[in-house]
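The listed protein sequences derive, respectively, from chains A and H.
Residue numbers for the first sequence follow the numbering used here, beginning at 4 and rising by one.
Residue numbers for the second sequence follow the numbering used here, beginning at 96 and rising by one.
Derived by calculation from the structure, the hints in this document are not laboratory data.
Predicted model, so just to flag it, every value in this text is computed and none were measured.
Hints are supplied without guarantee of correctness; some may be wrong.
Partial chain H-side listing against chain A, Cβ under 8 Å, derived [what the hints assert, rightly or not]: (1) Asp292; (2) Gln298; (3) Ile299; (4) Gly301.
Using N, Cα and C, we set each Cβ at its ideal position, and we do this for glycine too.
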Amino acid sequence: MAALSIRALSKRYANLEVLKGIDLDIESGEFTVLVGPSGCGKSTLLNIIAGLDLPSSGTVEIGGRVVNDIPPKDRDIAMVFQSYALYPSMTVRQNITFGMECRHVAKAEQEKALANVARLLQIEPLLGRKPSQLSGGQRQRVAMGRALVRDPLLFLFDEPLSNLDAKLRVEMRMEIKRLHQRIGATIVYVTHDQIEAMTMATRIAVMHRGVVQQFADPDTVYRYPANLFVARFMGSPPMNTMPARLEADASGPVVVIGAGRPDEVRLRLGQYDAAAPFVGRDVVVGIRPECIAEGSRVFSADPPVVVNAPVEMVEPTGAETIVLLRLGGEPALARITPDIRPTPGAAAPFALDTRRICLFDPETERLIA
Amino acid sequence: MTIAVSTTPGRPAASDWVRRLPEYLTIWVPLLMSAAHLIAFTLWTIWISFTPSTLVPVSGWVGLRNYSAVAASRNWQIALDNLLLFGSAFVLLSLASGLILAILLDQRIRGENLLRSIFLYPLAVSFVVTGTVWSWLLNPGLGIQKLVRDLGWISFRFDWLIDRDMAIWTIVIAAIWQSSGFAMALFLAGLRSVDADLIKAAQIDGAGPIRMYRRVILPTLWPITITVIVIQLQFAISTFDLVRALTNGGPGIATQLPALVVYDLMFQRSLLGRGAAAAVLMLLILLAVLLPYAAWRYVQRRRAIHA
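Pulled out of the complex, with its shape left as it was, chain A reads as follows (with noise of 0.2 Å):
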């Protein structure tokens, strides 16, 4: 079943158009996460699902129910939000049960939830505390538990992490995933970052301008970005996209970057099928850092692609090398293993990983292959 269900949804203020006919289906049980960068619509996206704005046009389907002209309180939803919105005046036992005293929950029901939600979050002795004497991690738990203990159809976490320092932002987002994996919520999580997109999501919209530009797995986002934006949106650092020129041999197709100069790069693909009517015109290639890798690296083409290459610049940032190279005169950035500190200026060897490669129309800007 559709845990929820997004059709021809936009929404405008005034003259500016925030959405533009969004469509998503969310199977019960996934964790989707809403990532784009600050004024792509995902929050005001999040809102209109809780029901806290109003679509211009469109539905919302929550549990095959369409929640147009349902208020919040009654769609069977939870919220985190980035600033985790603790009720201040509250201790964290009673932020957790205002819900339930809104909806006029039995006390005793009350305390059952409260006392299972305290253990699963490990907040039992913060229950008598109020919202200013946690630490910010302790006030995320607090947030969750006030969502979890509602046990909705509808998990839904705005930018929940943003607030928190690196170290435990990353504990936090294993905490999340580990809680989504034991009770198997179905969540939908607005990020503006990737890596949490990445690491957290069963499946990701990708969104930019209002428009859902790609909404796949993971592994499918980050392997075939289905445009331009997404293959330099997602991972860091992102895509190398360079202009190339799509030629044909008779063992198949070949990618030229710079072509014409004397350092031209001339990459062989192998089964781009979808490449063919391209052969002849110009494309955009895009080859992820980790598939640009130092001479000596075995990425199991057959043959294996070396290619030398100008070094520009060097950033060694412990676990690998990023460099700064140029392929056919375009700048790209390759990861390679730490201890090869290639000398800027000069040229090194570098494997080339072409199985991996990524071909873009220049005009639509779409995947091609």
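Given the coordinates of chain A, assemble chain H onto it according to the supplied hints.
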């Protein structure tokens, strides 16, 4: 910029001082002058309150005799009773009306800016004007009573202004008219600064408007409430011009307030020592309000730093 200049090597320190001279002059000179006046005259008044001064200040020592005389006088006792009634009624009612106005204005209504200005406008009017206008409005032969009677309701009575027991309430009415807009402005600012997510969370939790205000929004306003209470209380304690223009303490001495007693003793009966004693007593009442408030502010600030 200051830092950049003062750290320039080789620049003499004296020029820095010269450059900042206007700053020192504009801040410190007026500050020192007003502080000196405040402290000097306060000390002088305290000293006078222990002397047998009447028409002119004289030296001498009468101990607490002025204080006991003031405290025993019927005038002062009525003034204190009135202050208690006027102070609490005025503070509570202006708080309530300010809050209600703020909540109503917060409903994103049309013409909010206009209404806000209208409600805030009385604050810009001098208390003497407020007092005078209300003395006309409340005058039975001139104001509201006459208006209603002229409309045909002959038996209508609204003569609190000349009623011994009710006259103090006319001061409450005028004072509320004057300052509930001020409370409204502070409360409205508080309501507008409530985290929008907090309201969204309460909406999802299913809180209706009453529960939303009572449990979620209003509790965030209590620091503002305390500030409003203290400001209104210190106004109530030092009220002079409003009463002077509205009832002049009358009928009889029914609406006497401490500041009027001070004025009466000092300038009408020429009992400078007793007037000073009454003034010092007023100061003590004021301190009884302000010192706990200062302590509370200090604790709040400490807590904010440590949080």
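Hints versus structure:
At a threshold of 8 Å, the smallest CB-CB gap from Asp292 of chain H to chain A is about 4 Å, leaving the interface hint in force. With a cut of 8 Å, the hint placing Gln298 of chain H at the interface with chain A holds, because the nearest CB-to-CB distance is about 5 Å. Here the hint on Ile299 of chain H is kept, as its CB sits about 5 Å from the closest CB of chain A, short of 8 Å. Evaluation of the Gly301 of chain H hint against chain A yields a held restraint, the C-beta minimum of about 3 Å falling below 8 Å.
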